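K.L.:
Residue-level listing of the chains:
Protein chains: 4
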Amino acid sequence: MSVALRIAYLGPAGTFTEMAAGLLPHADKAQLIPVASVTDAMDAVLDGSADRAVVPIENSIEGGVSATSDALANTPGVQIYGEYLVPVRFDLMAKPGSKLTDVSDVLTHPVAFAQSRKWLQKNLATHSHVPAASTAAAAKALAAGAQVSAVIAATAAAELYGLEILASDIGENKEAQTRFIEIGRSGKPGAKTGSDKTSVVVELPGDKPGGLLEMLEQFAARGVNLSRIESRPIGDRFGRYRFNIDAQGHIEDEAIAEALMGLHRFSPKVIFLGSYPRADHNESVHLGNNENSDYESAKSWLDSLRG
Amino acid sequence: MSVALRIAYLGPAGTFTEMAAGLLPHADKAQLIPVASVTDAMDAVLDGSADRAVVPIENSIEGGVSATSDALANTPGVQIYGEYLVPVRFDLMAKPGSKLTDVSDVLTHPVAFAQSRKWLQKNLATHSHVPAASTAAAAKALAAGAQVSAVIAATAAAELYGLEILASDIGENKEAQTRFIEIGRSGKPGAKTGSDKTSVVVELPGDKPGGLLEMLEQFAARGVNLSRIESRPIGDRFGRYRFNIDAQGHIEDEAIAEALMGLHRFSPKVIFLGSYPRADHNESVHLGNNENSDYESAKSWLDSLRG
Amino acid sequence: MSVALRIAYLGPAGTFTEMAAGLLPHADKAQLIPVASVTDAMDAVLDGSADRAVVPIENSIEGGVSATSDALANTPGVQIYGEYLVPVRFDLMAKPGSKLTDVSDVLTHPVAFAQSRKWLQKNLATHSHVPAASTAAAAKALAAGAQVSAVIAATAAAELYGLEILASDIGENKEAQTRFIEIGRSGKPGAKTGSDKTSVVVELPGDKPGGLLEMLEQFAARGVNLSRIESRPIGDRFGRYRFNIDAQGHIEDEAIAEALMGLHRFSPKVIFLGSYPRADHNESVHLGNNENSDYESAKSWLDSLRG
Amino acid sequence: MSVALRIAYLGPAGTFTEMAAGLLPHADKAQLIPVASVTDAMDAVLDGSADRAVVPIENSIEGGVSATSDALANTPGVQIYGEYLVPVRFDLMAKPGSKLTDVSDVLTHPVAFAQSRKWLQKNLATHSHVPAASTAAAAKALAAGAQVSAVIAATAAAELYGLEILASDIGENKEAQTRFIEIGRSGKPGAKTGSDKTSVVVELPGDKPGGLLEMLEQFAARGVNLSRIESRPIGDRFGRYRFNIDAQGHIEDEAIAEALMGLHRFSPKVIFLGSYPRADHNESVHLGNNENSDYESAKSWLDSLRG
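Protein chains in written order, with the working numbering: chain A, 1 to 307; chain B, 1 to 307; chain C, 1 to 307; chain D, 1 to 307.
Just so you know, the hints here were simulated from the structure itself, not pulled from any lab data. Just so it is clear, the structure is predicted and the values come from calculations on it, not from any experiment. You may find that some hints are simply not true.
Treat identical chains as interchangeable: a pair holds within one or across any two.
[Claimed, not checked] DSS-like mimics (lysine-lysine), calculated; alpha carbons at most 27 Å apart, straight line: (1) Lys192 <-> Lys99; (2) Lys29 <-> Lys99; (3) Lys299 <-> Lys95; (4) Lys118 <-> Lys269; (5) Lys299 <-> Lys29; (6) Lys299 <-> Lys188; (7) Lys174 <-> Lys269; (8) Lys99 <-> Lys188; (9) Lys29 <-> Lys118; (10) Lys99 <-> Lys208; (11) Lys174 <-> Lys99; (12) Lys208 <-> Lys188; (13) Lys192 <-> Lys208; (14) Lys299 <-> Lys192; (15) Lys188 <-> Lys118; (16) Lys299 <-> Lys208; (17) Lys188 <-> Lys95.
In isolation and in its complexed conformation, chain A is listed as follows:
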């Protein structure tokens, strides 16, 4: 008898995170467990109450989700095993029987509100924003009797919470996407696919002007392309940052492996967050002659020299 995969996700039901969780392999047979925060999601993985956790890491419009970036930097024992892209589409919804002209205040997550701002300004002469923890939390609260006239949420939330859609796809950017990561306990990364990403957190040596430049040269010297770099405060004082970095390639790529070891020597603190398949399925390439075969022939040459 097989045991179902248990996936913790940022709840309640109806969030975009739940949609992302549904994209995991075998998700159809999995048990989805809603949790209240990114930290709770990671805790669930660490204490064994979930096998995997799905949390948002970056929105194409709003940028990095700093709660996730910081939790990754501060939670030993977790690792990224996959990433998933979910298109972000917002609907305005209310209790059955409501009319658009009745809407005066809108409960939703600030990002959803910001994305819908232009539509609201054009279509609702006066409206005010009441912030919610997530779009699904807003829909659930309205269904439970919250004193607001409408919510902005994902289409799925309407059916889930018995609401009626007043206007569809009101977000400004129709191509908006959120990227989610699949987190598990630290372990051996999945096999290299050729379309991989490796994530790390790197602190800069505190007293070095040009430290960021020097850190980037650790990647450049091995031909490694970066697909993302996000600065986050270390938190002790202004002016000290760590960087959350996504690099193209897998830890089984020697270019990545050597860059990681270079960072380990350079940085006072470097955290490996995982090597995992890219959601966009593009090939991960290294510049110059930095394929594994190039590393092997260089190593053979070195061995022959050392005698």
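Keeping the supplied structure of chain A fixed, place chains B, C and D upon it in accordance with the hints.
P.N.:
Positioned in the frame of chain A, the structure of chains B, C and D alone reads:
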């Protein structure tokens, strides 16, 4: 008859932003105008209803305020004229007569909630978070009858809204600070003080691996130190970023001027956000021989060669 | 009445340098003055006994002519105004009536001997080398009665000194060329042609590991391509070098001008050797957006920001 | 019965190279074999007629000995095993009974002549230079009856060839030194001493602007200091160079090993010339955390991540 300076700030009264606004020169005689959002603050400056706007740009714990970073990148016509540091101290407060043991739900801004999380876990067996747009908005809402048992806000908010402090300084990091910027319409920067900062937004050329490295070399080649670099999505698709950068020095420093011109040639889009005095009053220095006198003697030499 | 140009060259008559001197504009009406050394050539220019001097700077096989590189670094007041390429073709020649089988010792310049080594090994069972100061000096000496059986020199020397060619074009590399420079007193460089070269001598700061890297970044940050870099000892002790560098472009190119000023700040000693047309007539381009129009628009932008 | 070491050196007896050969370990029991050229010296090692060869590589005043640099780049099968410094001191000498006032022409190597130029100008009203292949060859020739009035050579040559010293130590730079290398057949380098040097020849990829910068970054990314870089023409056409490089450290230093492998991937042609003790006995250090223990801990970390 002198006219009072009109300063827009993220309201309502009692926010940390109001405290920052109080630090501007001549703030004691100024008219403080609360506004609802960063965008509203910038609009007030642009439409002339305010002379200056004060908005948060970075918290030492939570990092960059992306609404501000993005508004600066997307709002032509505004410029930074100053920065101000405000220590961030949170108190738990409720309606007069309340007791700590009565508190079940807490209305506050998510950052304040995150900062107070450890204290709450220890002192309030069960509690839930209701998000508010700002700590002062939470206090104001409670005073106006919101159905929550307590709020977390700055000390000043208690007196302002007739609330009673149940616990003082409950934030985890006692050194936490928020940095605020003073915004005005684009114009001639203030005079160089020797302790200056210059802010820019720089997009990377889209198709260049190593673009960030190359961009940083524009600063390094002139000995310019960076005090902050923040990546933000350009928003059209994943993988394209612009960088909000604070560099040490003033646009009247030739090192800064030449670096700015270098960025103008390198980048498809660079925005000058201003040169203004540093809040920490430290001297701004350039590495190597990159003082104005070094630029002058190099220019004299060049002129003599050109004949 | 016009006065003929006086051109000092490394003599005697019949040297490749004389051939190069013949390539100067108006050389047909010029007075050619043979001198004994590179230093004498420069002295002739400095003391006014010649208007121009022509000396070899680099051979495509043998590399830089260090006497010239060092004289340029150590002789204030001179500047390069042009460069000329001369194909290097060696003939074996002897007194009229000689036969190849008679040749036992060969008088010639070491470079000519090295270039002809393979031919000599194949065609002259036994032969020895007697070094001469130049190929033409060898021919002249043989004509004057030197006790050697043959010389290796340029074809022209045979007629000039009444010798007979025993074997033609015996050099190993048929494409070999020598590059010569035209030197005059320091002054305004000639006009920009679009196919220009700028030469400098740069010392590195003594105590800086990575100084060469940093120096090269002064060029890279302005998109300037180097066509040649030659290291020469400063001479005070091992491990201290100066670099003779040829960069693509003209001092009237802002990319070059800014790079020069950057070097002036970076280096304890930088010498401008001139901007002059390239002998290969290829276009000189700068990488990135580093044409003069790019510098102008960057400067206009800066001026508008400074208010 | 032990067999004496056979050491080929640039002859004849009395050269500075012979003095360098005398500095090799066990040189007192060695058989010294004079040869006529750098190529002959390398051939002697390759065909087994000598165990070691000693040739000059660099003079502190005159710079690199290009014949040696080029022979190292073009002679497969040889390797450097040591380096030796010899102070260069020149004496003016003539046949017994000669007087200084009799000297009209001086036979010597061009480098010795250049170094003695100032003294000659001051002390010999008129003199001319006759070039010789080496200072010892000049002394030997004079002893054998060459028609010149004096030679410039090392002190030792006077006694060796029965000449009389007319003036001692006439070189301009009293600190001048020549560095010699000890060459053997390619094999396992000697053990690491902590004061080591590693020599390589590196060609740049032909079509890459900024190739030199990129090559240097292979050293910089591993904290490796260079003590010497010399550019030499590849010889096929102008503008293509290879670089003879001396780096601090030994091939058993992981920093050096990784840099070598990086060069092997980057460069179309890289030649390892050897790792050997430094003649100056200074410690060889790598910048940053690039000692072998740093490489080991980085490797352990990587292995733990790979699972």
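K.L.:
Should Lys299 paired with Lys95 be assigned to within, between, both, or neither, using CA atoms and 27 Å as the limit?
P.N.:
Close neither inside one copy (68 Å) nor across copies (59 Å); limit 27 Å.
K.L.:
As a check of your reading, is Lys99 near Lys188 (CA-CA no more than 27 Å) within one copy, between copies, both or neither?
P.N.:
For Lys99 and Lys188, the Cα distance exceeds 27 Å both inside one copy (54 Å) and across copies (51 Å).
K.L.:
How do Lys29 and Lys118 come out at 27 Å by Cα distance, when the copy is not named: within, between, both, or neither?
P.N.:
neither (40 Å within a copy, 36 Å between copies)
K.L.:
Indicate which option fits the pair Lys299, Lys208 if close means a Cα-Cα distance not exceeding 27 Å: within, between, both or neither.
P.N.:
between (32 Å within a copy, 25 Å between copies)
K.L.:
Reference check for the pair Lys29 and Lys99, CA-CA at most 27 Å: within, between, both, or neither?
P.N.:
neither (39 Å within a copy, 47 Å between copies)
K.L.:
State whether the alpha carbon distance between Lys208 and Lys188 is at most 27 Å within one copy, between copies, both, or neither.
P.N.:
neither (34 Å within a copy, 33 Å between copies)
K.L.:
Indicate which option fits the pair Lys174, Lys99 if close means a Cα-Cα distance not exceeding 27 Å: within, between, both or neither.
P.N.:
within (24 Å within a copy, 49 Å between copies)
K.L.:
Are the CA atoms of Lys299 and Lys29 at most 27 Å apart within a copy, between copies, both, or neither?
P.N.:
neither (46 Å within a copy, 39 Å between copies)
K.L.:
With identical chains treated as interchangeable, where does the CA-CA distance between Lys174 and Lys269 reach 27 Å or less: within a copy, between copies, both, or neither?
P.N.:
between (39 Å within a copy, 24 Å between copies)
K.L.:
Within, between, both or neither: how does the pair Lys118, Lys269 come out at a Cα-Cα threshold of 27 Å?
P.N.:
between (43 Å within a copy, 25 Å between copies)
K.L.:
Go through the copies and call it for Lys299 and Lys192: within, between, both or neither, with a Cα cutoff of 27 Å.
P.N.:
both (21 Å within a copy, 20 Å between copies)
K.L.:
Evaluate Lys299 and Lys188 at a C-alpha cut-off of 27 Å and name the case that applies: within, between, both or neither.
P.N.:
both (25 Å within a copy, 16 Å between copies)
Checked against the numbered hints given earlier, the structure breaks hints 1, 2, 3, 5, 8, 9, 10, 12, 15, 17 and satisfies all the rest.
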